[in-house]
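J.: The primary structure of each chain is shown beneath.
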Amino acid sequence: MARSAKAVPWFVFAAGGTVIAFILPVMVFVTGLAPAIGLFGDALSYETMHAFVSNWLIKLILLGIIGLAAWHAAHRLRVCAHDFGIRADGPVSIAVYGLAGIATLLTIIALLMI
Amino acid sequence: MSRKPYHREMSKTTWFLKQSRYQHYMLHEISSIFVAIYVGVLIVGLFRLAQGPDAWAGWLAAVTSPIGVIFHIIVFIFAIIHTTSWFKAVPQAMRIQRGEEIVPGKLIIGAHYGVWAAVSVVVLLVAGVA
Chain Y
-10 MARSAKAVPW FVFAAGGTVI AFILPVMVFV TGLAPAIGLF GDALSYETMH AFVSNWLIKL
50 ILLGIIGLAA WHAAHRLRVC AHDFGIRADG PVSIAVYGLA GIATLLTIIA LLMI
Chain P
449 MSRKPYHREM SKTTWFLKQS RYQHYMLHEI SSIFVAIYVG VLIVGLFRLA QGPDAWAGWL
509 AAVTSPIGVI FHIIVFIFAI IHTTSWFKAV PQAMRIQRGE EIVPGKLIIG AHYGVWAAVS
569 VVVLLVAGVA
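These protein sequence lines are chains Y and P, in that order.
Last residue of the first sequence: number 103 in this note's numbering, and the count goes up by one each step with no gaps.
Last residue of the second sequence: number 578 in this note's numbering, and the count goes up by one each step with no gaps.
For reference, chain P alone in the conformation it holds in the complex (with noise of 0.2 Å):
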């Protein structure tokens, strides 16, 4: 006897346009793409900065050039995605228990958006006045 097994037609490449869901997973794991081009602009400019004023003036023309300006708002949004996703998922891997309740994911989340508040503003006050 044999069976034929049912196999459901699915994309290998393009599986995640189906749901909704998948969309926005594959939108947080895309965000590493951005982030890790985003790490390699650092690293270089790292090296300018070492080399001296005129490398450090052309590494900061190429950020301040039409596409470098693109280029930093894309990995921008990607990089509020990552934050906005990682927040969202804090509470599953995070169980607080006070006494007898556990605390409300609602509230962890809260609280990881005020600490991202604060981080923000110390590091434009440091930039501001660095």
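Just chain Y, with the same shape it has in the complex (with noise of 0.2 Å):
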């Protein structure tokens, strides 16, 4: 059988789907609503904030999972493009996986400042 070089982003894009499945939601609630509630005291403070994000460990998860989040996103969008009647995939494709990429790229240059 011929081999197909579809396998890696399809790869990159079930694993980017099941990761932000499992923790998006929460997320979400964590750095955008429970901030606005008031929960978690000052969790979000810049003190703490700096400090979790500074562990080595943490810049690799949070890499991850934007990372992965941008791929499956610009896939899914590419998708989209289609369903809403946009038939150029050649130039629609190099936007949301450039766009992917140069996400991907500035969170890598981001978690190295902090």
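For the record, the hints were derived by calculation from the structure and aren't laboratory data.
Glycine included, each C-beta is placed from N, C-alpha and C at the ideal position.
Accuracy of the hints is not assured; some may be wrong.
[Claimed, not checked] Some but not every residue of chain P turned toward chain Y, in silico, with C-beta under 7 Å:
#1 Leu494
#2 Thr512
#3 Pro514
#4 Phe524
Work from the hints to combine the two standalone chains into their complex.
T.: Printed below as a string of structure tokens:
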């Protein structure tokens, strides 16, 4: 059977979909909703967050989550574009995967700066 | 002999509004737009965290502003839509055989919901303790 190069993007898509299915709702709650309600006191204060994200294990986990989420979303956005009647798959692919690549790179830079 | 082939009228941009299965499909496809924007918000947050206390306070103020809260409620709803629709599809993608029997899909989905709850509790505990 001929080998397909699609295996790699498919693996990233499936891994990303699974990871964000488990982690994203609670993550959106912690970073987006909890601070507005005033939950967790100063868990999101500069000192606590800086110390938390300075940990290398946490950096790796964050890179994994953000990177996989970006690549998963990119693949879905490509399909979305098709579903909304945009049939220029080449340029769309370059745009969405390019954005995912930039997002991954920026995440690495930001994590290295912390 | 020329025959006129039958073409079903179909809008390229609003076809999914016709049936509820298509609407559900579109709903979980659209969730990716909000996941993508949320990823952007997180990356900006990491840069603000690297820049120092003032920059971080600014990011936090934006997140807790009315627009920030409305945005995160929408992202939260779409994140849950993604989770439930992803879990629903798992038995189709993952066939587990035990002996002669194939593990029923409901069991696999149930296990996923269990792990989801456990992961959420762990993250909440880490956030509360950190």
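J.: All the hints need checking, so say for each whether the structure fits it.
T.: Right, here's what the structure says about each hint:
no.: 1; hint: Leu494; verdict: holds (4 Å)
no.: 2; hint: Thr512; verdict: holds (5 Å)
no.: 3; hint: Pro514; verdict: violated (9 Å)
no.: 4; hint: Phe524; verdict: holds (5 Å)
Of the numbered hints stated above, the single one contradicted by the structure is hint 3.
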